[in-house]
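Novice: Chain by chain, the residues:
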Amino acid sequence: MKQIRSTAVPIRDENIDTDQIIPARFLKATSRDGFGKNLFRDWRYENDNEATPRKDFPLNNPKWKGDILVAGKNFGCGSSREHAAWAIRDHGFEVVVSSFFADIFRNNALNNFLLPVQVSEDFLQHLFDTLDADPATQIDVDLEQQTIRILPTGEQEHFDINPYKKTCMINGYDDIDFLISILPDIEAFEKKKS
Amino acid sequence: MAKTLFEKIWDRHIVKTIEDGPSVLYIDRHFIHEVTSPQAFNGLRKRGMKVLRPAQVVATADHNVPTIQQHLPIREELSRKQVEMLVQNCSDFGIELYGLGHPYQGIVHVIGPELGVTLPGMTIVCGDSHTSTHGAFGTIAFGIGTSEVEMALATQCVLQSKPKLMRINIDGQLQKGVLSKDIILHVISLLSASGATGYFVEYAGEAIRNLSMEGRMTICNMSIEMGARGGLIAPDETTFAYVKNRTFTPKGTDWENALADWHTLYTDADAVFDKELHIDAAEIEPMVTYGTNPGMGTGISQHIPSLASIPLNEQANFNKSLQYMGLRDGQPIKGQPVDFVFIGSCTNSRIEDLRLVADFVKGKKKADHVEVWIVPGSKQVEQAAMDEGIDKILMDAGFMLRQPGCSACLGMNEDKIPAGKYCISTSNRNFEGRQGPNARTLLASPLTAALAAITGKVNDIREYI
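Protein chains in written order, with the numbering used here: chain A, 5 to 198; chain B, 136 to 600.
There's no promise every hint is true.
Stated by the list, open to error - Taking lysine-lysine pairs in the DSSO-like style, the calculated list, with each CA pair at most 27 Å apart, reads:
#1 Lys-195/A with Lys-143/B
#2 Lys-386/B with Lys-499/B
#3 Lys-77/A with Lys-297/B
#4 Lys-556/B with Lys-455/B
#5 Lys-297/B with Lys-170/A
#6 Lys-138/B with Lys-195/A
#7 Lys-500/B with Lys-556/B
#8 Lys-195/A with Lys-386/B
#9 Lys-143/B with Lys-311/B
#10 Lys-500/B with Lys-67/A
Said to hold, decoys possible - A few chain B residues facing chain A, derived, Cβ under 8 Å:
#11 Asp-155
#12 Glu-285
#13 Phe-566
Hint data in this document are derived by calculation from the structure and do not stem from the laboratory.
Predicted model only: the values in this text are computed from it and were never measured.
Just so it is clear, CB atoms sit at the ideal spot from N, CA and C, and this is done for glycine as well.
Only chain A is shown next, with the shape it has when bound in the complex:
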């Protein structure tokens, strides 16, 4: 991933925990696939029934769509379940924008090539207002430059990402491959430690 240009889906709630993103009763699967259909399950449907979607929930509102999820501060708090990142990715999002991310979720997202973009609270609120006013607003996320830009107005903000993680995201490298490549170092460390 280098750059995403897309419309976005706004969810204004703060402290969205991973139990909301994917409720525990859906964690019985033993593969990484298929979690997207239960993303935000209990916010999306009345009485756990797909026939009765909650019209006021942004994912059910056809005016909002796109590859970017925009959410209130402290996104992904609570349980360490990586299923939350899988569900968001499986639903089709490639970027999550918030003013604050919980630590474990941030790692899980990066390990699944879902880019967490942390912006200032002011920029986030402005982004929400912009998407409310015009759901067709295009947002540009440039990982190389580390910028997020509201295309029509050109307003933009820089975001931070660890340089190692940035390289991994851009090139599709994963941490496991890296760790496996240094197994001799790990074994040498074990000898020294004991």
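Got chain A sorted already, so can you dock chain B onto it with the hints?
Specialist: This is chain B only, laid out in the frame that chain A set:
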């Protein structure tokens, strides 16, 4: 150079540090369970990898197991398959499993310490955010995602950036009836559900030193609820006395050597933290949460905050939360009726918790309309409860003693609170739907929960003891 306890343990476990990137952290103990491990084992198979150090991995089944009739096959098909997959994976990869029916089975964060698998100075991970529990022993312990579970299985390492460090001092002595659960709920209510994100927290001060190991585990357990990566407490004589002679604790000369090393595990007097807080223990009341994140808690004598006292930009979330809970802003929390009482979870299901509850309810009866579930943290806790006659006291009070597992803490198995019902719970999370779709959770200490079981309402334990 002066070092914090965290830094002493961290420095010993760094294999190498990536330039401009995270460090490769060596992991001494890796706990796994049925829910967050299957995809990791699938990944190993795909790569043709072995588990690098199976002897450093311990498995149990806890999140998704029934808490009645555990001797029978699990009825729910997906749950049964997930538990069977753990059995298969442990057998294929040579990992010790304390599965259903095993005398060591239980909640992963209860069995690690009680078996002496968790020892001071270690690094510990598990695919569960409450892994911070083990920090009570002076360890660096934290929750990880499934990709990291795979990394830890394949290489006995994870990649971690060094967190910022915070020390929270609880000075002085607690009031009677105030438990360690109240300390941590108080701290989270001060810092909010995100106030410690990016930090590892060391808990210190007289009130922490005076806690038992069970009490310390409750504190460290909930570190994640304010966003912290983990929490830890310097090991001391209380720690060493708890650890000594447990099943897997070092013995003989190994014990002597380990003990000498553990005595070096403390924060140096002039070490510096990125943030430091002091809290007066005497000011802490029995706590109850009223909202849908653990930071929304209040002292029992206080009222739920008024809407006007909430910053404008947070009012929408506050209102949504109270609406979910069916509570009004400004109302007292004391007197709130409850329908269910859940005493269990990796936060408060240890033998000391059950002893406290049994001491209080002995000779009393539960309120008629209330259903009370006691779920011991492990087979060993269950056995001790029976040996001490606690089971009989609880049953005489009309409580239901179930079998070990995570149970209604996360409602993954059939132990769910019905929609709209209030449950006072000794667990760690009051998120929407956590205990079942539309269930309403009030987090509290085991004593406050036991009192609610008897009176049918949220009440102030200080008036009853």
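Novice: Against each hint, give a clear statement of whether it holds in the structure.
Specialist: Status of the hints after comparison with the structure:
1. Lys-195/A with Lys-143/B: holds, 19 Å
2. Lys-386/B with Lys-499/B: violated, 44 Å
3. Lys-77/A with Lys-297/B: Cα-Cα ~23 Å, so holds.
4. Lys-556/B with Lys-455/B: OK: Lys-556/B and Lys-455/B at ~17 Å, within 27 Å.
5. Lys-297/B with Lys-170/A: holds, 18 Å
6. Lys-138/B with Lys-195/A: Roughly 25 Å between the alpha carbons, so the hint for Lys-138/B and Lys-195/A holds.
7. Lys-500/B with Lys-556/B: holds, 21 Å
8. Lys-195/A with Lys-386/B: Holds, at roughly 22 Å.
9. Lys-143/B with Lys-311/B: violated, 35 Å
10. Lys-500/B with Lys-67/A: Distance ~56 Å between Lys-500/B and Lys-67/A Cα, so the pair is violated.
11. Asp-155: holds, 4 Å
12. Glu-285: Given a least distance of 6 Å, the restraint on Glu-285/B holds.
13. Phe-566: At about 5 Å, which falls below the 8 Å cut-off, the nearest Cβ of chain A leaves the hint on Phe-566/B intact, so it holds.
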